[in-house]
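K.L.:
Residue-level listing of the chains:
There are 4 protein chains.
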Amino acid sequence: MPPQNYHPPDFTSPPLVNSPEARFAAVPADGVLPEGFFSTSNLPTYIKAGGRWSLPTRPRMDCAIRRVGATLEVIEPRRLKRGDEIALGLAEDGSEGIYVHSAGFLGGARSANEFRFMSSEVSRERPVNYEELAARLIEEKTRGGFLIWVAGPALVHSRARGDFEWFIQQGFVHAVLAGNAVAVHDIEAAIFGTTLGMSSTGQPTDGGHGLHMRAINQVRAAGSIPGAVEKGLIRGGIMHALVTRKVPFVLAGSIRDDGPLPGVFTDSLAAQDAMREHTVKATGAILIATALHAIAVGNMLPAYHTHYEGVPTPLMTICVDQTEFVVNKLKDRGTHQAYGVVTNAQDFMHVLRFYVEKGMAA
Amino acid sequence: MPPQNYHPPDFTSPPLVNSPEARFAAVPADGVLPEGFFSTSNLPTYIKAGGRWSLPTRPRMDCAIRRVGATLEVIEPRRLKRGDEIALGLAEDGSEGIYVHSAGFLGGARSANEFRFMSSEVSRERPVNYEELAARLIEEKTRGGFLIWVAGPALVHSRARGDFEWFIQQGFVHAVLAGNAVAVHDIEAAIFGTTLGMSSTGQPTDGGHGLHMRAINQVRAAGSIPGAVEKGLIRGGIMHALVTRKVPFVLAGSIRDDGPLPGVFTDSLAAQDAMREHTVKATGAILIATALHAIAVGNMLPAYHTHYEGVPTPLMTICVDQTEFVVNKLKDRGTHQAYGVVTNAQDFMHVLRFYVEKGMAA
Amino acid sequence: MPPQNYHPPDFTSPPLVNSPEARFAAVPADGVLPEGFFSTSNLPTYIKAGGRWSLPTRPRMDCAIRRVGATLEVIEPRRLKRGDEIALGLAEDGSEGIYVHSAGFLGGARSANEFRFMSSEVSRERPVNYEELAARLIEEKTRGGFLIWVAGPALVHSRARGDFEWFIQQGFVHAVLAGNAVAVHDIEAAIFGTTLGMSSTGQPTDGGHGLHMRAINQVRAAGSIPGAVEKGLIRGGIMHALVTRKVPFVLAGSIRDDGPLPGVFTDSLAAQDAMREHTVKATGAILIATALHAIAVGNMLPAYHTHYEGVPTPLMTICVDQTEFVVNKLKDRGTHQAYGVVTNAQDFMHVLRFYVEKGMAA
Amino acid sequence: MPPQNYHPPDFTSPPLVNSPEARFAAVPADGVLPEGFFSTSNLPTYIKAGGRWSLPTRPRMDCAIRRVGATLEVIEPRRLKRGDEIALGLAEDGSEGIYVHSAGFLGGARSANEFRFMSSEVSRERPVNYEELAARLIEEKTRGGFLIWVAGPALVHSRARGDFEWFIQQGFVHAVLAGNAVAVHDIEAAIFGTTLGMSSTGQPTDGGHGLHMRAINQVRAAGSIPGAVEKGLIRGGIMHALVTRKVPFVLAGSIRDDGPLPGVFTDSLAAQDAMREHTVKATGAILIATALHAIAVGNMLPAYHTHYEGVPTPLMTICVDQTEFVVNKLKDRGTHQAYGVVTNAQDFMHVLRFYVEKGMAA
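Residue numbers (my numbering), protein chains in the order written: chain A, 1 to 362; chain B, 1 to 362; chain C, 1 to 362; chain D, 1 to 362.
Bound-form chain A, shown alone (with noise of 0.2 angstroms):
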């Protein structure tokens, strides 16, 4: 909040000094506004009246401007009587006698029309345009890009779990980096059914907070992931998928992690080198429902790739979480290109893959 001092529009000169004198018209009935009103901002406005430029008092947005004699006011349209005398106008540049000064306080860089609604970039009251999220992936699959998935647990604990094998098969998948968490839900719903002993429809079960401990285990005693595949322990489900399909995955360790399972990088330096190797190739990443991991591929990631015929290309990177949080966060560490999806990773995946789904049969 530094201080600000005002600076006025300067009216003596163009283009305002051109400025037509404002319109004004009468209300048609009580609380109904004539056509093409004036609607305010809570920027400093001017209106050009009797040939000069005045501020109206009792400014505020969403109202209109009544003239009463001189006196120029801002009400809101449900107080009018019929025959008042209100503002009409769309511009806000003076080209209609109106003039919204939204440099005021702010120097030059600001435009008109620059009040607006809704400008934040991430939000959950942003519509989420799921066809284009759709039409990249299958463009990017067509084009032979490279995309990377990056989730977290959350993606296994809820279900998307079947969703995200779907997308491993059908090639949309080119790399997943996650971590132990996620390999050690998913290979415990493949052997016993349920997440961190929660059952499939989230129900808790007694005994259940062994469970990840003892899928651990049965892989630590196959000796590898890819072992427990291949002698059957693991029969379905995200690590299943990547090990048969051979789509290379990088499990980087954390401290959080119970076992680890083997093939898991315990060293995060060595992780990030391992990680590194996919993120140069990649053409697209899509983040999912982690902060660690979203912020870790982020940092790795440059805005741009040059693998299409060598010229610079937004690298298109999607930020899933359930909050706007981790997203600005992700921004805040310098992954400012990232287009953020706030929602629940379950239903992101059941949706993204229903309009796949559709656009690959069109």
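Errors might be hidden in some of the hints.
Given that identical chains are not distinguished, each listed pair holds provided it fits within a single copy or across any two copies.
[Stated by the list, open to error] Each computed SDA-like pair below joins lysine to any residue, with the alpha-carbon atoms no more than 25 angstroms apart: (1) Lys358 to Asn129; (2) Lys48 to Leu269; (3) Lys281 to His307; (4) Lys48 to Gly207; (5) Lys358 to Arg143; (6) Lys358 to Gln218; (7) Lys358 to Glu131; (8) Lys141 to Thr57; (9) Lys358 to Gly162; (10) Lys81 to Pro226; (11) Lys141 to Trp53; (12) Lys81 to Gly263; (13) Lys48 to Gly36; (14) Lys281 to Arg78; (15) Lys81 to Gly210; (16) Lys358 to Gln169; (17) Lys48 to Pro20; (18) Lys281 to Ala103; (19) Lys281 to Glu73; (20) Lys246 to Gly144; (21) Lys358 to Glu165; (22) Lys48 to Thr313; (23) Lys281 to Glu76; (24) Lys141 to Asp84; (25) Lys358 to Trp166; (26) Lys281 to Gly69.
Quick caveat, the hints were computed from the structure, so don't treat them as lab data.
We have chain A already, so just place chains B, C and D on it with the hints.
P.N.:
Only chains B, C and D this time, still in chain A's reference frame:
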């Protein structure tokens, strides 16, 4: 954090006096446990060995218990060596010589097997059972139930509008309780194709900030929402479906309202009275993306109804929100029966419709 | 949402068979209730009147029960007229002729007086008892306890850095478990006065994005963090206080790390082993603004310790985060004993220090 | 995610045509960079070497640029060996032979040095400058400003009640705009010492769920809030301070209200009209822990006022909430001038008071 005194278990009385010795087995390979190992929790855990009960040292969860001579130690499985002796058992009630004393600090209300993961009722990590939700909606419709839908403006913003319209058309909606904004956004979308000036793909538009005021003004000029439908001003969307399908709705006014639209109850007590005539009929309620209206309706809703042959029956109450906070707040205001779905309103409507369509076809 | 059968109360056995008739009194003025009125919940509520028990119509919470002839109706107090007859009573167990049947759908586990507001354990709406927290810290220090502090980088970002330093200097910190980023931000602040290039009043600075890399590089050139303190490169802040006060710390590496700083455990298993040597000594833990480290440490922490004369004693576990989600996730990962404080890390440290200073002076 | 064409820099015209060659220096020790190293971002970055500009391979942020023969590569500092050649420079505008092409995909609106961390305006990770907030409050009071406070019930729940009372007593509060619930909780606390039946240390109490109804009833019996103060029913707290200090307040009704208390504006349009008579006088607004009231007042507030000698002056607008979402929603509804403080209402009031007391003493 009240000071808590520890009450040790009574090992001199049944059932614990009759417990067998704990069993131990050798580790078959470095870092690999024998099947049937005991997996620890963080609660006081007594082992019966050599005729006496003792607590192992270095307690923590997700570990094994190793015996070295007379000593028992909690240790990470990865640190074990081939031949180390490890406690076995699945039971935590002493019947296998291991007793988890969950009631030590807590009084007698806790059972054995108390320790578990994922015990929060409301969590984005808990899978949503859409099949069951869809089945319940279909059952209520079949049975002649009365479903009230309570919606916030995010439902319209985020393109779930078409899905909500579908539910109305299909007869799953028996009353809608909402605010002025839901109708304003819906009607702005019907007339101008935008909500708060944002396009259906989420782009802000210049000059868009006045469009909701223009939409309101046109309906005020038409005299009423049904009048605007009749005149062809409103040709689709939620309000159009409600009017043409003759589904009752209550639009309750608030201090945030622009306009308001004709028909909005500006008096909050009159609005409450109108809403309650619907809540007393309800056999189910779906509350989506609104704290104010969800809690207002939650206050009015009994936890049960007697509309099915006079027998008290739980009143299905589903609360959908982007964050756990709103659902928990609803519960904290007494609507303890609410089943929370933590997701984006747009995706919820989309996936729910998908499963209801599937269920209807079945 | 399992199907639930209703089990009506048994009015033919004690205690309900002995219940008196409910009492009623007249409303003294329009919309004003007599003292001692019965205030409803949303649970099935039986009234004994005329020798028989019945459910009033139109149930809802926060209302009164009006008798009109043989009819009992739940009604908003504001709708009552002078002279209306209203049920009286505070007890919900039938002892005043009113019985709230909370166990109707739920089995026998629920008590009377079950209905309440604000039953969530973790909520931003729940007051934080800083006096008690401060008293607990002082008590642990006095008693020779071992307090481990687990911190995320927000603690440094947001200027709680000076307060954390104060707690270290005053002897309230016996080990710090954190990641590379905490030390990096702290040392960037010590050398350049910024964190991630942002000034201490929150302004981004041009060229600031490289400052954390320059800070890391200088410490790497110095060979170690203690070396950098000795050489006068680091003259204040958290790491300076830890080194000069000889408080042990573990910096656990992660895949998000830049650098890393010398001394960071890059192997996650080595980091776990180092951390656990502190958690086994802990009599208390304060986890602030970190999901990864809080859950990692939570996994290692028993819910109790035996460091005070061998008696199992609850291990004070405080988890501070901006959202309920992290605290509940920690609980969902088994650290059920965590006491949640839902606030900003900066403000928490500031207010806690204020109360500890007050407590120390007392 | 619009398709974006890449516009390469123009290296044939000034200023880039005049850029010098990039400078390089040798790495002094394994993993240690020379001072003045260039720290990368994720944007297209051109290096002038051997008379021509090129993009290094393997781009990412937070790295160095190594020259190996004619090749330039982006590499993690830790992977460098003594003697490796590294690019030097702080400038990103070509003046040191390195050019970060931030406008490549974005058109001409971006400047050099565009890449930065922590660019979100509203974030829990951004430090709050309480000294400045306190100074502003003191300045407004000294200058004869008009400060409106808009509060949600969390302010009362969470024990900031005493601090709010203090601000009223000290003359920092010129009008309060709130809802029925704020007054109900405050008066429940004054009469019974609880809020929604929860004690001041956060414990639920049996039978507590009716206490707010009993508090409302007693005030209704007294006829008005000022009447209840006069009769000694209300002896402290927020409403008591407002009444005795004759600070005006507007309690706006909503559909969530119990009661309501006498004096609440149950008609939302009447409430808006009453509120606006205060917002037109405002020189500053503090909005705490309420989405409904904050946005309602935000709609009415101009972004500036003319109460200081008629000169447009920014209207200080502070919005305090537990999550970024509410602040961003307020901005998305047009109140773009809001300064967001992301913290707990209780702690905000406590810390702010601490700094105001300090500022007043200075």
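K.L.:
Taking the hints in turn, state whether each one holds.
P.N.:
Hints, one by one, checked against the model:
1. Lys358 to Asn129: Classified as both; 14 angstroms inside a copy, 24 angstroms across copies.
2. Lys48 to Leu269: Classified as neither: same-chain Cα gap 66 angstroms, cross-chain 31 angstroms, threshold 25 angstroms.
3. Lys281 to His307: Result: close within a single copy only, 8 angstroms intra versus 53 angstroms inter.
4. Lys48 to Gly207: between (77 angstroms within a copy, 20 angstroms between copies)
5. Lys358 to Arg143: This pair counts as within: shortest intra-copy Cα distance 19 angstroms, inter-copy 34 angstroms.
6. Lys358 to Gln218: Answer is neither: 39 angstroms inside a copy and 38 angstroms across each miss the 25 angstroms cutoff.
7. Lys358 to Glu131: Both: 9 angstroms inside a chain and 22 angstroms across chains, each within 25 angstroms.
8. Lys141 to Thr57: Between copies only: 24 angstroms across chains, 59 angstroms inside a chain, cut-off 25 angstroms.
9. Lys358 to Gly162: both (18 angstroms within a copy, 18 angstroms between copies)
10. Lys81 to Pro226: between (78 angstroms within a copy, 24 angstroms between copies)
11. Lys141 to Trp53: neither (59 angstroms within a copy, 32 angstroms between copies)
12. Lys81 to Gly263: Between copies only: 19 angstroms across, 76 angstroms inside.
13. Lys48 to Gly36: within (17 angstroms within a copy, 56 angstroms between copies)
14. Lys281 to Arg78: Classified as between: cross-chain Cα gap 21 angstroms, same-chain 59 angstroms, threshold 25 angstroms.
15. Lys81 to Gly210: Between copies only: 21 angstroms across, 72 angstroms inside.
16. Lys358 to Gln169: both (16 angstroms within a copy, 24 angstroms between copies)
17. Lys48 to Pro20: Within one copy only: 7 angstroms inside a chain, 53 angstroms across chains, cut-off 25 angstroms.
18. Lys281 to Ala103: Classified as between: cross-chain Cα gap 23 angstroms, same-chain 44 angstroms, threshold 25 angstroms.
19. Lys281 to Glu73: between (61 angstroms within a copy, 15 angstroms between copies)
20. Lys246 to Gly144: So Lys246 and Gly144 pass the 25 angstroms test inside one copy only (17 angstroms; across, 53 angstroms).
21. Lys358 to Glu165: both (18 angstroms within a copy, 22 angstroms between copies)
22. Lys48 to Thr313: between (48 angstroms within a copy, 21 angstroms between copies)
23. Lys281 to Glu76: between (57 angstroms within a copy, 17 angstroms between copies)
24. Lys141 to Asp84: Cα proximity of Lys141 and Asp84: none, with 62 angstroms in one copy and 38 angstroms across.
25. Lys358 to Trp166: both (14 angstroms within a copy, 20 angstroms between copies)
26. Lys281 to Gly69: Answer is between; shortest inter-copy Cα gap is 23 angstroms, intra-copy 70 angstroms.
In this structure, the hints that do not hold are numbers 2, 6, 11 and 24, in rising order.
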